[in-house]
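K.L.:
Just need the whole structure built from these sequences, with the hints factored in.
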Amino acid sequence: GWGQFRYHAFSRGVTTWTDNAGITRPVRNRDAFDIERARLMFSGHFLDRKLGYLVLLDGDTDGGHTVDFFYYYFRWQVCDSFELQLGKRKVPGTRQWLMSSRRTRLVDRPMSLDFFRPNLTVGLFGVGKLGETGHYEAMVGNGYFSSNAPNSSSDNELTFAFTNYFDPWGAFGEQIADIDYSEQPLIRVGHSFVYSPQQGVVDGVPIDEADFIRLSDGTRLTETGALGPGVTINSFNVYLYGVDLAWKYRGWSVDAEVFLRWIQQIEADGPISREQLFQHGFYVEAGKFLIPGVLDINARYSQVSGDFGTGREYGAGMNWYPLKTSRMKISIDAVKLENSPLQNTASDIMVGDTGTLIRSQFQAEF
Amino acid sequence: GWGQFRYHAFSRGVTTWTDNAGITRPVRNRDAFDIERARLMFSGHFLDRKLGYLVLLDGDTDGGHTVDFFYYYFRWQVCDSFELQLGKRKVPGTRQWLMSSRRTRLVDRPMSLDFFRPNLTVGLFGVGKLGETGHYEAMVGNGYFSSNAPNSSSDNELTFAFTNYFDPWGAFGEQIADIDYSEQPLIRVGHSFVYSPQQGVVDGVPIDEADFIRLSDGTRLTETGALGPGVTINSFNVYLYGVDLAWKYRGWSVDAEVFLRWIQQIEADGPISREQLFQHGFYVEAGKFLIPGVLDINARYSQVSGDFGTGREYGAGMNWYPLKTSRMKISIDAVKLENSPLQNTASDIMVGDTGTLIRSQFQAEF
Amino acid sequence: GWGQFRYHAFSRGVTTWTDNAGITRPVRNRDAFDIERARLMFSGHFLDRKLGYLVLLDGDTDGGHTVDFFYYYFRWQVCDSFELQLGKRKVPGTRQWLMSSRRTRLVDRPMSLDFFRPNLTVGLFGVGKLGETGHYEAMVGNGYFSSNAPNSSSDNELTFAFTNYFDPWGAFGEQIADIDYSEQPLIRVGHSFVYSPQQGVVDGVPIDEADFIRLSDGTRLTETGALGPGVTINSFNVYLYGVDLAWKYRGWSVDAEVFLRWIQQIEADGPISREQLFQHGFYVEAGKFLIPGVLDINARYSQVSGDFGTGREYGAGMNWYPLKTSRMKISIDAVKLENSPLQNTASDIMVGDTGTLIRSQFQAEF
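If you're matching them up, the sequences are chains V, L and U in order.
So for the first sequence, the numbering used here puts the first residue at 4; every next one is plus one.
So for the second sequence, the numbering used here puts the first residue at 4; every next one is plus one.
So for the third sequence, the numbering used here puts the first residue at 4; every next one is plus one.
Hints listed in this document are in silico derivations from the structure and should not be mistaken for laboratory results.
Please read these numbers as outputs of a predicted model, since none were measured by experiment.
It is possible that part of the hints are untrue.
Identical copies look the same in the list; a pair holds intra-copy or inter-copy alike.
[Unchecked claim] Think about it this way: if two alpha-carbon atoms lie no more than 30 Å apart in a straight line, the pair counts; the simulated DSSO-like pairs of lysine-lysine are:
1. Lys-132 - Lys-339
2. Lys-332 - Lys-93
3. Lys-53 - Lys-93
4. Lys-332 - Lys-291
5. Lys-327 - Lys-291
6. Lys-332 - Lys-53
7. Lys-327 - Lys-53
8. Lys-339 - Lys-93
9. Lys-339 - Lys-53
10. Lys-339 - Lys-291
11. Lys-53 - Lys-132
12. Lys-93 - Lys-132
P.N.:
So this is what it looks like as structure tokens:
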């Protein structure tokens, strides 16, 4: 298993934020200890060496320390270059979402990534190799962000996702920071696509699943009034496309990803100001090991843009690996937020945040 | 541990159903991937070979992937023919409820069984042998259907249950389908009894425990208006009796169970149309292995009857055991439902359902 | 792991209780089986012998059998006499709260202890030795009683706690009852201190964390009307001080703890009857082994006093250790309650209780 022990403090630069439906909510100063992503893993083979299972228990402060099955799936190694997975895991869309949160440069993932990325779902997943260093993952599953939703709050539409990368100069490895001090420059280029139709009401029954999409100012799309006074969105289709690039060499490293998201065929119970939305954003991160394998510094800029405003994140931080292994690290970062459209308790970034967030963290694998 | 990965689709034949209190609710088309009954088991002995414990963690899509203790009890092997169990497990009432859901002929249990059967509870359980092939289980526990209810929503009355079977022609085994291709005909005959007094209000405090009982048209008995306009049921006593029979021989097999349920001493806060109810039903199932130990086909009919209507289930399906072991199977079935009085997310049968349900499932033990 | 299987029955001596805001609530008779504190522990070292982790899964009937992470922390053995712990565990305040609930004399902890004690929280903990038999624990953490609260319902103030004891006549051990039949008299003297500022509203956002404090008649301090008609408390500071003493010799044993709690700087949204509160209480327990190591009898008196009334608990019970080890015991007790100000589902004592509580329990470690 593994876990993160964190102390975070947020100092607000504004006292309220107002969403596109005209509702004003307070922005609060915050500070607390929290445990993020405490995980216990059980995995192995059964009946045959080609058949396996994985069960990952998860709990953290944000979820009231309640334990859930975060990942649980069966896997079948169909052939050397293809594995089929049946169960619950991450939707394969966007590069850094598929990277373990243990590998982030700063204490948590970029704001723009968490705004655009999908979540977890139950479905069929294929994971395969293309040539020597190519990798792809494909999925048909319940939803874009259905995660822990029971079937009673999920719609009837399936979600499709695909991601793919190549490492043309040799195997890039799991780390975006160059902890292994690569003697040769390494790059990874990839892209991801997710298509997800969403229904807010199915056969007269209201469905929660569509609640996750937000306008670029942070307003929930399904909130009454989001796109027109007193009007509620019933259904829409989401298309996400992302392109990513990572490079590392002799302790230096850079990675970036661009996101494009189209929300189309928006239907509502009254007149709305637009029937489709286009949202875009990106993050770019860079770092350098000051003491190879032991201490690095990192910086990040991330941005979310769209018709209703722009949110920005400026971050810098450092990681110390006291035992010269990535299995244990101590991190600190500072992030300046402007008009956060993201609500994410894991990264301690809340919707409406303008201000400064400081996070320090101890992380270990056991 | 073990788990079930399923895809189900329900195509409705009606758009609404109206309960006995006159409330009309939508019936929705549904389709989704879901994980059912993912289980992690921890068990062993302590201090003495006669003392043991069992802890079974459970989570699934229906429960939002939250983990709970499904079974957890201490056991004491008092003598060769009797074991005492203290903790939480299944109430010993009805035969197929006590059979693991891994052993069902179709993808899930019969509709009528799930309508009549009890659930899990906390209590004292005795499990013993009678002669060579006789088996009985007896219980005194908190409730008929209290399952995960905290004590604050359980009443003060205890529930009693007893079940018993004999295998007069030799040990029948755990499987109702004849996966082992029995050379001699085998039968199992048994019966079960549960008595459970229920209070909807205790000393002025409303109690949720009694919410599970439904009329034969699916109306919750404790719903206001169920048995009289504006009137709510306060208390009643439940008596359940079931008789079961199973037979298998050379790949062929049949099993059936009849249920009789009396709901008596019904007390309410106003005039009600009847002070006692009698509900009855049954299921009958049969199957044949087309390829011994590898592939079988099965059919089922189940029915729930009572004063307020009759619900029916017609099902057929097949199971493929690709590794010639019951530890892994791939199943598909089709079920035609008429006026389902059952609400059960595990079998994907909802109250009011009239229509067709298709389920496909991968199941494995690891 | 370990667990407790219990049957309890409460026979009320009053039918209602009225709180200080004038609200009258029913007191109900109760009886049920319940599982308390079923625990599964995973612990070990990682990377280095000085680094460890501990994860304790917990579930019980009171929590609907849902599983949570009860304890989970990383630990670093800084030197022989000091260990640092990062994560979630018990706040180190009051002696008997820090003792495992497996070691209680009666079936559960004293009423006054549960009224005054803190709970669990996430924070930084130091555990160290002072001389040969001295022990101390210090903490800075999220809250006094935040336990499973997510950060969204915890305030920005940190809580500080410290506890310390000495065993001047030699190592006292983990047991307060003299199960080891000490040939020499042994004593333990100690004290504890907790300081916790509480905010009911932060930057305009209501916070649940402060809900745990009750007046000595059981009224929640943050309930509207608790200290003045229509007025709600916004913030206050809590100071808890406790002094404890334990003695055991040749099967006899006595232990006691005195609690003093000051609630100061009370601020509200209107006029209140007092701006500070002083609450005090104690428990005293004694026991004797009738059959050394096998059977003991015990008695307890505990009391909570303050400006709004006094609650009392008179208890007596016995423990049987059939295998002559503390790892398994069977217990029974009877407790007379008068005006309980405590709401605690673990000990089956509810706020407002006046009456008699009988508990019997089987407990084992596995």
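K.L.:
Using 30 Å as the alpha-carbon threshold, which applies to Lys-339 and Lys-93: within, between, both, or neither?
P.N.:
within (28 Å within a copy, 34 Å between copies)
K.L.:
Between copies, within a copy, both or neither: which fits Lys-332 and Lys-93 at Cα up to 30 Å?
P.N.:
Both ways: Lys-332 and Lys-93 sit 24 Å apart in one copy and 25 Å across, limit 30 Å.
K.L.:
With 30 Å as the alpha-carbon cut-off, assign the pair Lys-327 and Lys-53 to within, between, both or neither.
P.N.:
Between copies, since 16 Å is at most 30 Å while 34 Å is not.
K.L.:
Checking an output row: Lys-327 and Lys-291, CA cutoff 30 Å. Within, between, both or neither?
P.N.:
So Lys-327 and Lys-291 pass the 30 Å test inside one copy only (15 Å; across, 56 Å).
K.L.:
Within, between, both or neither: how does the pair Lys-93, Lys-132 come out at a Cα-Cα threshold of 30 Å?
P.N.:
within (18 Å within a copy, 46 Å between copies)
K.L.:
Is it within, between, both or neither when you check Lys-332 against Lys-53 at 30 Å Cα-Cα?
P.N.:
between (34 Å within a copy, 16 Å between copies)
K.L.:
Is it within, between, both or neither when you check Lys-332 against Lys-291 at 30 Å Cα-Cα?
P.N.:
Only inside one copy: Lys-332 and Lys-291 sit 16 Å apart there, 52 Å across copies, limit 30 Å.
K.L.:
Reference check for the pair Lys-132 and Lys-339, CA-CA at most 30 Å: within, between, both, or neither?
P.N.:
For Lys-132 and Lys-339, the Cα distance exceeds 30 Å both inside one copy (39 Å) and across copies (43 Å).
K.L.:
Could you figure out if Lys-53 and Lys-132 sit no more than 30 Å apart (CA to CA) within one copy, between two copies, both or neither?
P.N.:
within (16 Å within a copy, 40 Å between copies)
K.L.:
When Cα atoms must be at most 30 Å apart, do Lys-339 and Lys-291 count as within-copy, between-copy, both, or neither?
P.N.:
Result: close within a single copy only, 21 Å intra versus 64 Å inter.
K.L.:
Is it within a copy, between copies, both, or neither that the alpha carbon of Lys-339 lies no farther than 30 Å from that of Lys-53?
P.N.:
Neither way: Lys-339 and Lys-53 sit 48 Å apart in one copy and 37 Å across, limit 30 Å.
K.L.:
Is it within, between, both or neither when you check Lys-53 against Lys-93 at 30 Å Cα-Cα?
P.N.:
within (22 Å within a copy, 34 Å between copies)
Violation of the numbered hints given earlier is confined to hints 1, 9; the remaining hints are satisfied by the structure.
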